[in-house]
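Here is how the chains run, residue by residue.
Number of protein chains: 2
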Amino acid sequence: MSYYQTLSEKQLKTEISELEDRLAFYRAKNLKLNMARGKPSVEQVASSKELFDVLNSQSDFSDEGVDSLNYGALRGIPSAINFFAQLLEVEPEEVFVGGSSSLILEYDMLCRALIFGVLGEKPQFSNPHRKFLCPAPGYDRHFKIAENLGYELVYIPMTDKGPDMDQVEKAVEDENVKGIWIVPKYSNPSGVSFSDETMRRLVALKPQAKDFRIYCDNAYAVHDLYPESPDKVLALLPLAKEYGNEDLVYLYASTSKMTVPGAGVSAFACSEKNMASQIELMKAHTISYDKVNMLRHVRFFKDIDGVKAHMKKQASFLSPKFDLVDKAFHEGFDGLDIAEWNKPKGGYFVSLYTKEPIAIELVELCKNLGVILTSAGSSYPYGKDPHNSHVRICPSYPSLDELESALEVITCCVKYLSARKAEAVDEH
Amino acid sequence: MSYYQTLSEKQLKTEISELEDRLAFYRAKNLKLNMARGKPSVEQVASSKELFDVLNSQSDFSDEGVDSLNYGALRGIPSAINFFAQLLEVEPEEVFVGGSSSLILEYDMLCRALIFGVLGEKPQFSNPHRKFLCPAPGYDRHFKIAENLGYELVYIPMTDKGPDMDQVEKAVEDENVKGIWIVPKYSNPSGVSFSDETMRRLVALKPQAKDFRIYCDNAYAVHDLYPESPDKVLALLPLAKEYGNEDLVYLYASTSKMTVPGAGVSAFACSEKNMASQIELMKAHTISYDKVNMLRHVRFFKDIDGVKAHMKKQASFLSPKFDLVDKAFHEGFDGLDIAEWNKPKGGYFVSLYTKEPIAIELVELCKNLGVILTSAGSSYPYGKDPHNSHVRICPSYPSLDELESALEVITCCVKYLSARKAEAVDEH
Chain A
1 MSYYQTLSEK QLKTEISELE DRLAFYRAKN LKLNMARGKP SVEQVASSKE LFDVLNSQSD
61 FSDEGVDSLN YGALRGIPSA INFFAQLLEV EPEEVFVGGS SSLILEYDML CRALIFGVLG
121 EKPQFSNPHR KFLCPAPGYD RHFKIAENLG YELVYIPMTD KGPDMDQVEK AVEDENVKGI
181 WIVPKYSNPS GVSFSDETMR RLVALKPQAK DFRIYCDNAY AVHDLYPESP DKVLALLPLA
241 KEYGNEDLVY LYASTSKMTV PGAGVSAFAC SEKNMASQIE LMKAHTISYD KVNMLRHVRF
301 FKDIDGVKAH MKKQASFLSP KFDLVDKAFH EGFDGLDIAE WNKPKGGYFV SLYTKEPIAI
361 ELVELCKNLG VILTSAGSSY PYGKDPHNSH VRICPSYPSL DELESALEVI TCCVKYLSAR
421 KAEAVDEH
Chain B
1 MSYYQTLSEK QLKTEISELE DRLAFYRAKN LKLNMARGKP SVEQVASSKE LFDVLNSQSD
61 FSDEGVDSLN YGALRGIPSA INFFAQLLEV EPEEVFVGGS SSLILEYDML CRALIFGVLG
121 EKPQFSNPHR KFLCPAPGYD RHFKIAENLG YELVYIPMTD KGPDMDQVEK AVEDENVKGI
181 WIVPKYSNPS GVSFSDETMR RLVALKPQAK DFRIYCDNAY AVHDLYPESP DKVLALLPLA
241 KEYGNEDLVY LYASTSKMTV PGAGVSAFAC SEKNMASQIE LMKAHTISYD KVNMLRHVRF
301 FKDIDGVKAH MKKQASFLSP KFDLVDKAFH EGFDGLDIAE WNKPKGGYFV SLYTKEPIAI
361 ELVELCKNLG VILTSAGSSY PYGKDPHNSH VRICPSYPSL DELESALEVI TCCVKYLSAR
421 KAEAVDEH
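Listed in order, the protein sequences are those of chains A and B.
Last residue of the first sequence: 428 in our numbering, with the numbers rising by one and none dropped.
Last residue of the second sequence: 428 in our numbering, with the numbers rising by one and none dropped.
Some hints could be false.
[Claimed, not checked] Label-pair distances were calculated between CB atoms; the ranges are:
1) A:Asn30 to B:Arg299: 49 to 59 Å
2) A:Ala24 to B:Ala276: 39 to 49 Å
3) B:Asp53 to A:Ser399: 32 to 42 Å
[Said to hold, decoys possible] Calculated pairs, DSSO-like style, for lysine-lysine (alpha carbon to alpha carbon, straight line, at most 27 Å):
4) A:Lys122 to B:Lys49
5) B:Lys29 to B:Lys283
6) A:Lys283 to B:Lys273
7) B:Lys29 to A:Lys283
8) B:Lys49 to A:Lys302
9) A:Lys144 to B:Lys273
10) B:Lys122 to A:Lys122
11) B:Lys122 to A:Lys131
12) B:Lys206 to B:Lys170
13) B:Lys206 to A:Lys367
14) B:Lys29 to A:Lys273
15) A:Lys312 to A:Lys302
16) B:Lys210 to A:Lys49
17) A:Lys302 to A:Lys210
18) B:Lys10 to A:Lys384
No lab work stands behind these hints, which were simulated from the structure alone.
The beta-carbon is built from N, C-alpha and C at its ideal position, and this holds for glycine as well.
For reference, chain A alone in the conformation it holds in the complex (with noise of 0.2 Å):
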């Protein structure tokens, strides 16, 4: 029971008459702040523009005998294959290396399989039926490029473990059911990284379609927070070759949230067998991607440890914006059983639950007060949480100070309305 049900009729009047006062107060401050997506601040960003200062007219660009200059090498220098192998815990023959955005990738890989066919099977378009696994709460842009390709999306919930494997087994039962989305590192948006038992599982799947395949957005691989403790998740890939199902996966990632937004290296990797019939696909219209921005960014980061000494320097911009989140949320709620919420060890997000089904009038009711969060329900497939309680939290944006004061008014709202719910049902 929630601490404004508790209240008698009178108490909660008072109550909720000085939280009107405390959203008068908010209002009249005229605040702006957005905090809709998962984008690094400025000054984040600016701590990777020595990125800019690796190549210049003077530089060699060749690499390992590739002119990054001209035309060719379609999946990639060699330099930029063996630091996303080294990245993706693969072999360098599973991997391509793409243009600023895995999420490009991914569509792309997606459309493939819609309109050519996986490994020999009919082309996806040619079955009405095709379904899509969610996992959700997850990342919005997913769910919407498996609606917009028609596919109907099935929403498996998500557990601290991962996707719920019983839901999931079963669900590939059904020959229709053609992928799922996975973001197995401090899943956007619940932080939630996945257990042995879960990426184990994922891997020993045998669904009933054979062209289903495991979509992972590795999006977070090296995001970690608390580089002194980071979560660690089993790599996908070599597991899935343990349980002799290496075709079962498509891994992802990129530099984006390493250096710089819509401006890094992208990557997919495969089994080998997989990346053939991609390369077929692929190679009358790409010659390759950009290959001086691949370049750029391996002599940027050197090696693995030249990658972790940068990603501890991004934890230092990002972990004090998340400690505050976890801080004002225990000053807001604690004690007053009227939501929930994670605390995440890397990734981009912070998921907050609110008890009572209030996650739109929540959203709505912020950007009134000039705080612009991402739409309620976004994370779930259709846009529709079923509870209606999950709000997705990206502090990374915002100033430290821009980030109390959007706090402040989410926790006041979540108040707010949690005792308009407690007084509606009082007066019943």
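Got chain A sorted already, so can you dock chain B onto it with the hints?
Just chain B, lined up with the frame of chain A:
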């Protein structure tokens, strides 16, 4: 009648014997010359290296209020939009700035026609009889993209004014015909620039299929070999507007052959109605393309005058090579009546047409002598040249000395194969 056909049997035998000696001489040289693709030379690319001095860690990365170092600005940074608007002679609202490859933009747009349909029409995937018009000789990758995506390729002969418009007008009466590839200026590989009449007839088309589009790859918009006397081609989108037919046109361009091949910036342009639809279909999977590389290019070129000056420098590398091709062919073929060729005023290719149907044999023989040419037939739908007479010559990559050697081999091979043909006729 060719020179060899006028010879007596004995004279011909002597001639063939001399040509065989010549071939043996070339074989002994162990040449290794690759002229298969339209690649700028190492020296030419080096002349653009200052591109990488434009930005460094101290630079201002904002562009008319848009931060090129963070997510957002789906259509690109304002200055890049304006740059391409000038280059393509369209309005800024009609421009979308992409990644390093216009070919990928073209493929993507055709995929969207396939999967989503065009402006409310049915997905083209659902039409198993879908067709695409391929003016040939044309760009092999264009044809292969349409073929891979399941379009039947319809051969349209190229004339010296552009595609045979009588045939195009007739072809679009078929509602299964969904598009045409064109390269209106310095066409790949015939070097033809489309006449005003051709351009007007293109935009005046009234195709049976509402979802028919002109895929216009303006790859060589500013790629004049002789800047003092460039070919002039009417701008397609403004012209289409004049005819009230602006939705018919998709335009593409990139800086790949202006600065660094494969690491440039691409763009497409289309009517505002088409643009709104494209954005709607892209916005889930695209946040933006690499805005830093856009900024780098715009600041490097500064303006259209900067482009002109830079392209003049590029021409200084290319025009001596094209002059050499023309000279070598004149020296080799004049008076023999065994081959024709064009002398383009821009672009990257010369088309050589043998009088006898010997293109496949020619490419094979040259290969055996260490000179790699583009596969015979590759400039035609399904890789099949109906006359087996066209060979694409790409003089841009080799040095002048290498090119001279390669041209000696090519002309000698054409003579030898033509003489053998005359001998075969004699023997009949």
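Point to revise | Broken hints, by number | key: Result: hints 1, 4, 5, 6, 7, 13, 14, 16, 17, 18 break, sorted rising.
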